[in-house]
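K.L.:
Chains as they are written, first to last, in UniProt numbering: chain H, 1 to 489; chain R, 1 to 504.
Derived by calculation from the structure, the hints in this document are not laboratory data. Built from N, CA and C at the ideal position, the CB exists for glycine as well. Errors might be hidden in some of the hints.
Stated by the list, open to error - In silico PhoX-like links for lysine-lysine, alpha-carbon gap of 20 Å or less:
no.	chain 1	residue 1	chain 2	residue 2
1	R	489	H	189
2	H	193	R	217
3	R	421	R	349
4	R	486	H	189
5	R	245	H	287
6	R	421	R	457
7	R	489	H	364
8	H	287	H	361
9	R	269	R	245
To be verified - Derived CB-CB ranges, DEER-like:
no.	chain 1	residue 1	chain 2	residue 2	range
10	R	489	H	273	29 to 37 Å
11	H	395	R	119	35 to 43 Å
12	R	459	H	302	55 to 63 Å
13	R	356	H	273	42 to 50 Å
14	H	230	R	356	20 to 28 Å
15	H	302	R	493	42 to 50 Å
16	H	442	R	483	47 to 55 Å
17	H	302	R	489	24 to 32 Å
18	R	374	H	442	55 to 63 Å
19	H	486	R	119	50 to 58 Å
20	R	170	H	391	36 to 44 Å
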Amino acid sequence: MELDELRLKKRAIGPKGTAGGRKARRIPKIPPRLPTPPPPPVQKPRPSQTPAGQPPSTNTPSSDSLKPQPTSFGQPPATTLNHVQQKPQQQISQPTPTPNPFSQPKPTPNPFSQPPTQSNPPATFPAQQRPAQAPPTTIPAPTFPPQPTLNPVQPVSQASKTNGQKVESSASHLLPETNRLLEIHGNLKRLRKYINAGLEQDPPFKKQIGNLRRKLKPPLGQLTQNSKQNQREKIVNILLESLAIPNQFGLCDPAMFMLDPPEPQEGARYNGEMPSLFIYFVSHFAKAVVGQWAQEASTKPTAALPIGVAAVSIFARPDFLWRGKPLIDILLAKIRHECPVIFGLRGNEKTEEGRARLGWKREKGVWFDEQSHMDRMTGLGAGYASLCLRDFSKSTMKHPWPPTHYWQAIAVIVSTPPNETSSTQYTVLKALINENEGSFLKFYGSAARAALRVALVDFPSQAPKGNVAAASLQVLADQMAQNGGLRVR
Amino acid sequence: MSDPKPASLADRITQPAPLDGASASFTPVSTKTASASASWADEVASPTGPPKTEEASLADAQVDGQVEPLGGSGLHDATYEVEVKLSDLQGDANSPLYSIQSFEELGINPEILKGIYSMNFKKPSKIQEKALPLLIRDPPTNMIAQSQSGTGKTAAFVITILSRLDYTKPEQPQALCLAPSRELARQIEGVVRSIGQFVNGLTIQAAVPGAVERGAKVKAMVVVGTPGTVMDLIKRRQFDTSQMKILCLDEADNMLDQQGLGDQCLRVKQMIPAVKQILLFSATFPEEVMRYAKQFSPSANSIELKRDELTVRGISQMYMDCPSDDGKYEILANLYGLMTIGSSIIFVKKRETADNISARLIGDGHQVVAVHGAFEGAERDSILEQFRTGQSKVLITTNVLARGIDVSSVSMVINYDIPMKGRSDSEPDAETYLHRIGRTGRFGRVGVSISFVFDRKSYVALQQIATHYGIDLIRLDTDDWDTTEKIVKSVIRSSRAGTNMNNN
Numbered sequence: 001m002e003l004d005e006l007r008l009k010k011r012a013i014g015p016k017g018t019a020g021g022r023k024a025r026r027i028p029k030i031p032p033r034l035p036t037p038p039p040p041p042v043q044k045p046r047p048s049q050t051p052a053g054q055p056p057s058t059n060t061p062s063s064d065s066l067k068p069q070p071t072s073f074g075q076p077p078a079t080t081l082n083h084v085q086q087k088p089q090q091q092i093s094q095p096t097p098t099p100n101p102f103s104q105p106k107p108t109p110n111p112f113s114q115p116p117t118q119s120n121p122p123a124t125f126p127a128q129q130r131p132a133q134a135p136p137t138t139i140p141a142p143t144f145p146p147q148p149t150l151n152p153v154q155p156v157s158q159a160s161k162t163n164g165q166k167v168e169s170s171a172s173h174l175l176p177e178t179n180r181l182l183e184i185h186g187n188l189k190r191l192r193k194y195i196n197a198g199l200e201q202d203p204p205f206k207k208q209i210g211n212l213r214r215k216l217k218p219p220l221g222q223l224t225q226n227s228k229q230n231q232r233e234k235i236v237n238i239l240l241e242s243l244a245i246p247n248q249f250g251l252c253d254p255a256m257f258m259l260d261p262p263e264p265q266e267g268a269r270y271n272g273e274m275p276s277l278f279i280y281f282v283s284h285f286a287k288a289v290v291g292q293w294a295q296e297a298s299t300k301p302t303a304a305l306p307i308g309v310a311a312v313s314i315f316a317r318p319d320f321l322w323r324g325k326p327l328i329d330i331l332l333a334k335i336r337h338e339c340p341v342i343f344g345l346r347g348n349e350k351t352e353e354g355r356a357r358l359g360w361k362r363e364k365g366v367w368f369d370e371q372s373h374m375d376r377m378t379g380l381g382a383g384y385a386s387l388c389l390r391d392f393s394k395s396t397m398k399h400p401w402p403p404t405h406y407w408q409a410i411a412v413i414v415s416t417p418p419n420e421t422s423s424t425q426y427t428v429l430k431a432l433i434n435e436n437e438g439s440f441l442k443f444y445g446s447a448a449r450a451a452l453r454v455a456l457v458d459f460p461s462q463a464p465k466g467n468v469a470a471a472s473l474q475v476l477a478d479q480m481a482q483n484g485g486l487r488v489r
Numbered sequence: 001m002s003d004p005k006p007a008s009l010a011d012r013i014t015q016p017a018p019l020d021g022a023s024a025s026f027t028p029v030s031t032k033t034a035s036a037s038a039s040w041a042d043e044v045a046s047p048t049g050p051p052k053t054e055e056a057s058l059a060d061a062q063v064d065g066q067v068e069p070l071g072g073s074g075l076h077d078a079t080y081e082v083e084v085k086l087s088d089l090q091g092d093a094n095s096p097l098y099s100i101q102s103f104e105e106l107g108i109n110p111e112i113l114k115g116i117y118s119m120n121f122k123k124p125s126k127i128q129e130k131a132l133p134l135l136i137r138d139p140p141t142n143m144i145a146q147s148q149s150g151t152g153k154t155a156a157f158v159i160t161i162l163s164r165l166d167y168t169k170p171e172q173p174q175a176l177c178l179a180p181s182r183e184l185a186r187q188i189e190g191v192v193r194s195i196g197q198f199v200n201g202l203t204i205q206a207a208v209p210g211a212v213e214r215g216a217k218v219k220a221m222v223v224v225g226t227p228g229t230v231m232d233l234i235k236r237r238q239f240d241t242s243q244m245k246i247l248c249l250d251e252a253d254n255m256l257d258q259q260g261l262g263d264q265c266l267r268v269k270q271m272i273p274a275v276k277q278i279l280l281f282s283a284t285f286p287e288e289v290m291r292y293a294k295q296f297s298p299s300a301n302s303i304e305l306k307r308d309e310l311t312v313r314g315i316s317q318m319y320m321d322c323p324s325d326d327g328k329y330e331i332l333a334n335l336y337g338l339m340t341i342g343s344s345i346i347f348v349k350k351r352e353t354a355d356n357i358s359a360r361l362i363g364d365g366h367q368v369v370a371v372h373g374a375f376e377g378a379e380r381d382s383i384l385e386q387f388r389t390g391q392s393k394v395l396i397t398t399n400v401l402a403r404g405i406d407v408s409s410v411s412m413v414i415n416y417d418i419p420m421k422g423r424s425d426s427e428p429d430a431e432t433y434l435h436r437i438g439r440t441g442r443f444g445r446v447g448v449s450i451s452f453v454f455d456r457k458s459y460v461a462l463q464q465i466a467t468h469y470g471i472d473l474i475r476l477d478t479d480d481w482d483t484t485e486k487i488v489k490s491v492i493r494s495s496r497a498g499t500n501m502n503n504n
């Protein structure tokens, strides 16, 4: 609009001459290359392969989204609700991993590693295993709560921005919740759209909601190590208010926003549906949390902690539970969307598709510059760690996203074969570990030390020469040795 | 005592000369720029992938043919991925952060390199890339370097200093770095410590008021201080300058331009005749000061910028039309809900205003600190440290801290009062404006600056500043916060895109 015009105008008269200049320099899309001969057929598909880093004792990838779907390609599969309830996942309720896989006496063998040959499934294999992807056009009319025609699998939002993007879902290395989180993200997006559209019809109410919504950000920005309680209460009050405001948006089924929807629970405050407006506010809260991490923890990793602590405690709060379970998957869905490498996605930073898979953002068709991207990734990595590594052992509440997910995030990154790694992964890995080694050791003891060795020594040592992100990961090991006396080498 | 005095600076500043072809930026163009162009793409994205032929099979493995729902034509397409456009990869050649080399290629000692990586510097910025080879080359040559705020000037001279030291003499002062305020000196001291954290045997000392005891000797290789204190220490023979190798002035224009500071700098320089290399760094060098600077640092290499290159593109500059001077506070409080803000700095004119706002904001639950000239030195150090570590998120200050302070998490700067100079504040102070907004958008990050205007005078002043630098300021309204929120978002977005585009 006007702003853009102004900027464009400015560009056009700049000394180097350049809005056009930019266009001129842009290299046209490369025509399809001749397909390289397919890789030599690998022995056989291994549907039962353990996902990277999952302790073998736990369930195999039982994610509904990874299972073959009977539905054919063009046809929308069953409704979200049924879809989810039929195949609950067990990921969340999983206890802290049994120590045996990690307690090997020698840390030298990579505790995560699979033999490298296993990591590339043959090109043809996933085609049959992939879940049906809904055609991108079938976004239902803006009605919420959902009609039975809703698609459980939404078009991947980041994918839809890029032409020719391929969706990641084949690989056995993805963490089990990965795809479902993307669906949840899509559901939230539609919910916000639906409510925003409704608000447009009612300007005074829109103003009221807008003012309330804008109150979510300041307390998050004001969180510090010292005075958090007060700020946290402010957020809680906003969310409580959103539960109470009378409105026309009705109720919706929180199962749409959960990885593993629970059964009704006796005595739970909410067993049926919850106000859509509340979910809308929780969704905005989740966005604000992720934004704050990306903004603040990117340059100051320690800033992630108070935000993570506040987020976990707000989600775990009895007022906001559904059937006794926290709605934290709403936050995870946002993290999954913004920082996919935590959940196992891989990509080549020199290709458009690779960048999209890695969560590299773009604005008006231009990729964020490298520094901004890596900053974001640093903030989000630190944020995810601050979320997982909370100690609930002394609390009456249950950890909504226990440390085992932290282990898995590290595992899924370090088990990337050397030729598929990316600077994004090194950066996120560094952010996950930096300043968190203490808590990690507390939760996992010597297994954590072995893991740190793999993450900070073995993994980056296989990086291509001259990769600065990997080098700075190695420097982290030196820093830990120098500052905290923790030797992992 | 070391307060910058904007008024005296203002009186003597002349506007930079009109542009001419000869004053092109970055005069000492290294020939490498051209010759290395073939490999830009390889270097910039920190390549991690295998050569292209393998890439295709890698793509196979990853993309699994799920293209039909997205309008693709089946598995066949899955055998390639579109490469990122070259222009995206290499970044914007006009950006001050653009570079084609790595720190390794610049020939920096590995111990220093580790420190650089630990600070999350990945590639040299333009100023670092251009200046460092000249700075660390033998024999030592003087340098006058100008580069936009937040582009790594400090790191450039710190790397130089660390490369020049004789580590067998840990108690012998060998490098001196001067800054106009104690905060800045402390900050530089911190940067030396960070970059030098893996350098064995490095010793550093600050020479700011109250930091060195009377009678005690200065026993560190690197001394960072304010000119007055350093001068006193040398006079009292607490500071042995006989083996001083390198002298560096940060915010050099500000120091040389002020009567008191300038004289002190000159005296210090005269007391260290052995010095082999004199470096002057700043984001601004008004022409008159530049002339003096060239005498101070004779036969120096110089790196200069044109006036319209001075503003950093990552900073979205907006202004808020406030109903009255008193109405500004309400608006201030509302701003924090519009966008995600890490830390922020609010610049005001008077100390009383600073105290006032800080009291009100604290009442509203913000973690706020205020710093101005009325505070004692040590107190100022600890307040700024609180801000730096994030214990407080909002800093309210006067022009004392307009320059140099680098807190990377600062994502918003507010000009609660438009900076003015001259007798009875008759003229807008463009330099100070530039330095103030430069507290955000550090090292290519996105930052926001919002200036408050409420009457004709403040409006005209801001317009003049905007015209001076050729900035387009975006107006924000207070009537409809929903719309304001949208505008702010879109401005931030375009500046994000702008940081990576050819848009000068």
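K.L.:
State for each hint whether it applies.
P.N.:
Going through the hints against the structure:
For a cut-off of 20 Å, the pair hint linking residue 489 (chain R) to residue 189 (chain H) stands: about 18 Å separates their Cα positions. Between the alpha carbons of residue 193 (chain H) and residue 217 (chain R) the distance comes to roughly 68 Å, so the proposed pair goes past 20 Å and is violated. Between residue 421 (chain R) and residue 349 (chain R), the direct Cα distance comes to roughly 11 Å. Compliance with the 20 Å bound is thereby established for this hinted pair. At roughly 18 Å between alpha-carbon atoms, residue 486 (chain R) and residue 189 (chain H) fall within 20 Å of each other, so this suggested pair holds.
Distance check on the hinted pair: residue 245 (chain R) and residue 287 (chain H) sit about 52 Å apart at the alpha-carbon level, beyond 20 Å; violated. Distance hint between residue 421 (chain R) and residue 457 (chain R) is fulfilled; the C-alpha atoms sit about 13 Å from each other, no more than 20 Å. Of the pairs offered as hints, the one joining residue 489 (chain R) and residue 364 (chain H) holds, with about 13 Å between alpha carbons and a cut-off of 20 Å not exceeded. Of the pairs offered as hints, the one joining residue 287 (chain H) and residue 361 (chain H) holds, with about 15 Å between alpha carbons and a cut-off of 20 Å not exceeded.
Simply put, residue 269 (chain R) and residue 245 (chain R) have alpha-carbon atoms about 12 Å apart, close enough for the 20 Å limit, and the pair holds. A C-beta distance of roughly 32 Å is found between residue 489 (chain R) and residue 273 (chain H), which places it inside the suggested range of 29 to 37 Å. A hinted range of 35 to 43 Å holds for the C-beta pair residue 395 (chain H) and residue 119 (chain R), which are about 36 Å apart. Our hint of 55 to 63 Å for residue 459 (chain R) and residue 302 (chain H) is violated, since their Cβ atoms are close to 41 Å apart.
A beta carbon spacing of about 49 Å between residue 356 (chain R) and residue 273 (chain H) agrees with the range 42 to 50 Å that was offered as a hint. At about 22 Å, the beta-carbon gap between residue 230 (chain H) and residue 356 (chain R) stays in the expected band of 20 to 28 Å. A beta carbon spacing of about 28 Å between residue 302 (chain H) and residue 493 (chain R) contradicts the range 42 to 50 Å that was offered as a hint. Checked against the given bound of 47 to 55 Å, the beta carbons of residue 442 (chain H) and residue 483 (chain R), roughly 48 Å apart, stay inside it.
Separated by about 28 Å at the C-beta atoms, residue 302 (chain H) and residue 489 (chain R) satisfy the suggested range of 24 to 32 Å. The supplied range of 55 to 63 Å is broken by residue 374 (chain R) and residue 442 (chain H), whose beta-carbon atoms lie about 45 Å from each other. In this structure, residue 486 (chain H) and residue 119 (chain R) break the distance hint of 50 to 58 Å, their C-beta atoms being roughly 20 Å apart. For residue 170 (chain R) and residue 391 (chain H), the hinted distance range of 36 to 44 Å is satisfied, since their beta carbons lie about 43 Å from each other.
Hint check: violations occur at hints 2, 5, 12, 15, 18 and 19; the rest are consistent with the structure.
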